[in-house]
Amino acid sequence: MSDFTADSELDCKGLLCPLPVYRTSQAMGRLAPGQVLKVECTDPGSLADFPAFARQRGHALLSASALDGVQVFYLRKEAA
Amino acid sequence: MTTAVRTDAEAHGRTERARTEARAHGRSDPARPRRLALVASKGTLDGAYPPLILAATAASLGWEVGIFFTFYGLDIIHKRRHRKLKVAPVGNPAMPVPVPNLLGALPGMTAAATAMMKGWMKNAHLPDVAEFLDMARESGTKLFACSTTMGVMGVKEKDLVPGVDIAGATAFLDFAADADVSLFV
Numbered sequence: 028m029s030d031f032t033a034d035s036e037l038d039c040k041g042l043l044c045p046l047p048v049y050r051t052s053q054a055m056g057r058l059a060p061g062q063v064l065k066v067e068c069t070d071p072g073s074l075a076d077f078p079a080f081a082r083q084r085g086h087a088l089l090s091a092s093a094l095d096g097v098q099v100f101y102l103r104k105e106a107a
Numbered sequence: 002m003t004t005a006v007r008t009d010a011e012a013h014g015r016t017e018r019a020r021t022e023a024r025a026h027g028r029s030d031p032a033r034p035r036r037l038a039l040v041a042s043k044g045t046l047d048g049a050y051p052p053l054i055l056a057a058t059a060a061s062l063g064w065e066v067g068i069f070f071t072f073y074g075l076d077i078i079h080k081r082r083h084r085k086l087k088v089a090p091v092g093n094p095a096m097p098v099p100v101p102n103l104l105g106a107l108p109g110m111t112a113a114a115t116a117m118m119k120g121w122m123k124n125a126h127l128p129d130v131a132e133f134l135d136m137a138r139e140s141g142t143k144l145f146a147c148s149t150t151m152g153v154m155g156v157k158e159k160d161l162v163p164g165v166d167i168a169g170a171t172a173f174l175d176f177a178a179d180a181d182v183s184l185f186v
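In order, the protein sequence lines correspond to chains A and B.
The first sequence maps to residues 28 to 107 in the working numbering.
The second sequence maps to residues 2 to 186 in the working numbering.
Hints are supplied without guarantee of correctness; some may be wrong.
In the DSS-like style, the derived pairs of lysine-lysine whose C-alpha atoms are separated by at most 30 Å in a straight line are [as the list claims (entries may be wrong)]:
1. K43/B / K87/B
2. K40/A / K87/B
3. K157/B / K40/A
4. K119/B / K157/B
5. K119/B / K143/B
6. K85/B / K157/B
7. K123/B / K143/B
8. K40/A / K123/B
9. K43/B / K143/B
10. K159/B / K85/B
11. K85/B / K43/B
12. K123/B / K65/A
Just so you know, these hints were derived from the structure itself, not from any lab.
Remember, it's a predicted structure, so these values are computed and weren't measured experimentally.
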């Protein structure tokens, strides 16, 4: 369970690098500042990639968790 | 004479100090987007993916990206050849079923190795080379076609996929001079 409410969700299960980050980047582009995106991944590299993506893009990674091989990320778009 | 030598040494010292300071303070202009400069030199299927994956990733991070396609790497942006890139089993000890080099040279072995890798890519839902090129163009990645390679190999502008910049090494180095990451793959 998560304390965050997502404005939008993205299913990247079954996708490998670079697709999860590529699609997340596109999805974040459709959000307004302050909105939150929930992303689900199964690429084990995602646990390292999503904190790096958030740092590079200046988004806030609110939460990163992994359960039963599925990683769940909540990203908040920051004002540009 | 002596003065001139000392002046050179001082100038050199200043340059080194400037470089040291730049290193200490990080990037000269933090507002500038980061930049990735890649040289794609291989015309095999397995050689095409690493630069295309790195380019798509960097673009997703908001970086500026440029790829210089040179020598056999030019095949990656060749209209006809980019759909026919192959995996070479000869001299490739990393094949999943180790193929003795002599057998790898038999007719059909290259096609088999290529089909196998295309199968992996499809099963992993990874884009093919053409789709990666579309992603690169959509994200504004600069695709530099090496003009020397074009001249050496008789490749014309009409032979290349749309949206490429024909350029010499000078134009690429001018782009790469401001790169934060530069890789030859």
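Now for the hints, and whether the structure bears them out:
no. : hint            : result
1   : K43/B / K87/B   : 11 Å, holds
2   : K40/A / K87/B   : 29 Å, holds
3   : K157/B / K40/A  : 42 Å, violated
4   : K119/B / K157/B : 28 Å, holds
5   : K119/B / K143/B : 26 Å, holds
6   : K85/B / K157/B  : 18 Å, holds
7   : K123/B / K143/B : 26 Å, holds
8   : K40/A / K123/B  : 15 Å, holds
9   : K43/B / K143/B  : 18 Å, holds
10  : K159/B / K85/B  : 18 Å, holds
11  : K85/B / K43/B   : 13 Å, holds
12  : K123/B / K65/A  : 26 Å, holds
Consistency note: the structure conflicts with earlier hint 3 alone.
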